[in-house]
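Participant: Listed here are the chains, written in short residue letters.
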Amino acid sequence: MNPMWPDFLDTERVRLPSNVAACRVQVDAERWCQGADAMRAAGADLLSLWGSDDRDRDQCLRVHAAYLLHDRVVLLEHAMSAGQAIYPSLATRFPVAGRLQRATYDLLGIRADGGDTRPWLRHGGWPEDVFPLRRDVEATQTWPVTSAPYPFIPVSGEGVHEMTAGPVHAGTIEPGRFQLAVVGEKVLRLEVRLGYTHKGIAKRFEALAQRDAHRLAAHICGDSTVAFSWAYCAALESITASTPSPRAIVLRALALERERIANHLGDLGGLANDAGFAFGQTQFSSLKEQLLRRNAELFGQRYLFDFVVPGGVAGDLPARALPGMLDEIETLERAVRDLRGIYARHEGLQDRFLGSGRLTPAQAAALGAIGLAGRASGIARDLRVDQPWPPYDRSPPVLATSSAGDVAARVQVRFEETLESLRLCRQWLQALPTGPLVVDVPLAPAGQLGIGLIEGWRGPLMLALETGAAGGIRRCRAHDPSWQNWPLLEVAILGNIVADFPLINKSFNLSYSGHDG
Amino acid sequence: MFDILSRILRVGRLSEALPAPNPAGPELTTIQRELHAVFGRALCIRHVDAGSCNGCELEIHALSTAYYNLEGAGVRFVASPRHADLLLVTGPVSVNMEEALKLTYAAMPEPKWVLAVGDCGGCGGVFGANYATRGPISDVIPVDAVVGGCPPSPLAILQGLVQITRHLAA
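These protein sequences, in sequence, are chains A and L.
Quick note on numbering: the first sequence equals residues 1 to 517 in our numbering.
Quick note on numbering: the second sequence equals residues 518 to 687 in our numbering.
Since the hints were derived computationally from the structure, they do not count as laboratory data.
As the structure is a prediction and not an experimental result, all values here were calculated from the model.
Just so it is clear, CB atoms sit at the ideal spot from N, CA and C, and this is done for glycine as well.
Misleading hints may appear alongside valid ones.
[As the list claims (entries may be wrong)] Think about it this way: if two alpha-carbon atoms lie no more than 20 Å apart in a straight line, the pair counts; the simulated SDA-like pairs of lysine to any residue are:
1) K619/L to S147/A
2) K619/L to R177/A
3) K506/A to P144/A
4) K629/L to R599/L
5) K619/L to A181/A
[Unchecked claim] What follows is a set of in silico ranges between Cβ atoms, one per label pair, in the way DEER data are often shown:
6) P628/L to D129/A: 41 to 47 Å
7) P246/A to P659/L: 49 to 55 Å
8) S147/A to P628/L: 54 to 60 Å
9) V595/L to S147/A: 24 to 30 Å
10) D71/A to R599/L: 54 to 60 Å
[As the list claims (entries may be wrong)] Sample of chain A residues at the chain L side, in silico, Cβ under 8 Å:
11) A139
12) P175
13) S285
14) S513
Given the sequences, and given the hints that come with them, work out the whole structure.
Facilitator: Shown next as structure tokens:
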């Protein structure tokens, strides 16, 4: 037994409905810290941290920390009286906690003791003393913007100058602000400011019915729509003990892998483009476009926003579509292998990829890197392998990893994962199980908490759903792995030249909307 | 080098013909007449994501693939609002992007137009309006036309663009 592992984590745990193994433990401030130490010692990731307003139920505000161990999720919940809404900060143990705690304060007025207290999601769109996720704040209430400059951490010294980019960028990308301190051509420091696309999704969830909210979940992050809608449905189905048919489950997995392939193809092209090799962009963007057009033929949509629904999926694959899909896989495999060879033999391209934006395995472990970026820096974790939910329990992918941690490593992992996803798709298509598309999902009673955890193309994304009365939703927390991985960019860029910033940023390709909520 | 050329040759030409203007499409005649009078068929676009889920951006990216031949239609994306004739805006406007959107619009030279892309930009979409979002773009800056859809396909966006840069057959 690990001496750091306190007994209460085993004796007081209560099982949580989820598509993976999960439990919850109620803790006080002292155990909140002991639990965090134990998780750190056990090599867990802090998966997410969020707050809730339960004053209507027991006069308490709560902070929740979900940890991802190698074999399960553990949720620690700490209640505070509304007059004393302060809890011990986890930022020194888990760096990702810093921004999550700032966001929790902006939305609920629950403060971590110590650390950075600058606002994170509140840019002046609502008053300092209003906490919009509290239950006494009307869902429709709005305020005029009173913007104030964000106190970036100043950098000074001989020869240092600062550059600002964003929130509106020169290309078609999401909004965020990058503050670079530069000496000559080299980056001395990068500070990222996010929150520009904060849409109040958590508040919006509370106005929706359990049976409809998968549509909102699908729009948390447009490039991970299958993953988020599946996470929502997995949480709801776990709470109501409904099991979709084997056919629906495999169709969901096909959609999830097609989402992964589409994003990887787009990135493999974009990365070549940012390194000045336009041929790669033309080739890969055309392959992606062909895949999206095939999606439109098969599923009626290019991006599968409305495909995963509670209890199953919204459409079937006709038997006559299967030969065409198998051909598509073969064509894609050939093209991806072909292009991988061209990339590998292109010295100019490799010169830009190799050694750029390096995040060492030690840095990745210290920062809590997860998902694709973690795998490219030696963190060999993938939920589909470690904690497989159906159908991955019967057909796990082979893990793609590298310990190099540079742009080249993130390119290599994308190539390998694309081919692996194609292999999985072929395997499923060759033996598509039978079963109804949708099973009935009963209304869940109020006050039930369920967790949906899915390995999206960026990494593990989580959705914690608490049901409300009359088929409603009391609280829904959606978490994108970009929270963990944005701080990696600030480390990986150090010492690189400014001109490589777009390339290094693209190699992580993190979500703004998924992060901002 | 040989492998690159050989692949280019094998893939061949992918560009498709531009879509015909759709007479049943959105009501665009005013913007169309004005724009055509000033710029003919050329159009410079600046895109702003004002709070989108990123779905519309993915489809705007797709417009730049070989298939859609966007520049062949005389349309190109520019890096600065000061170079732009048309502002392409996506998303329900988040309060955190409200000021940046207004500043971007103000930085464009006259004459200028705004095309809202996607259901969120058109009416607020699934997000509605709350403490963090203003909803439709027309509540924040003047909008001349809307291309609906969630997200609209690249073809729908291209059709919207082609339509405003071409005369309607009388």
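Participant: Find the hints from earlier in the document that the structure breaks and name them by number, from lowest to highest.
Facilitator: Per hint list: 3, 5, 8 violated.
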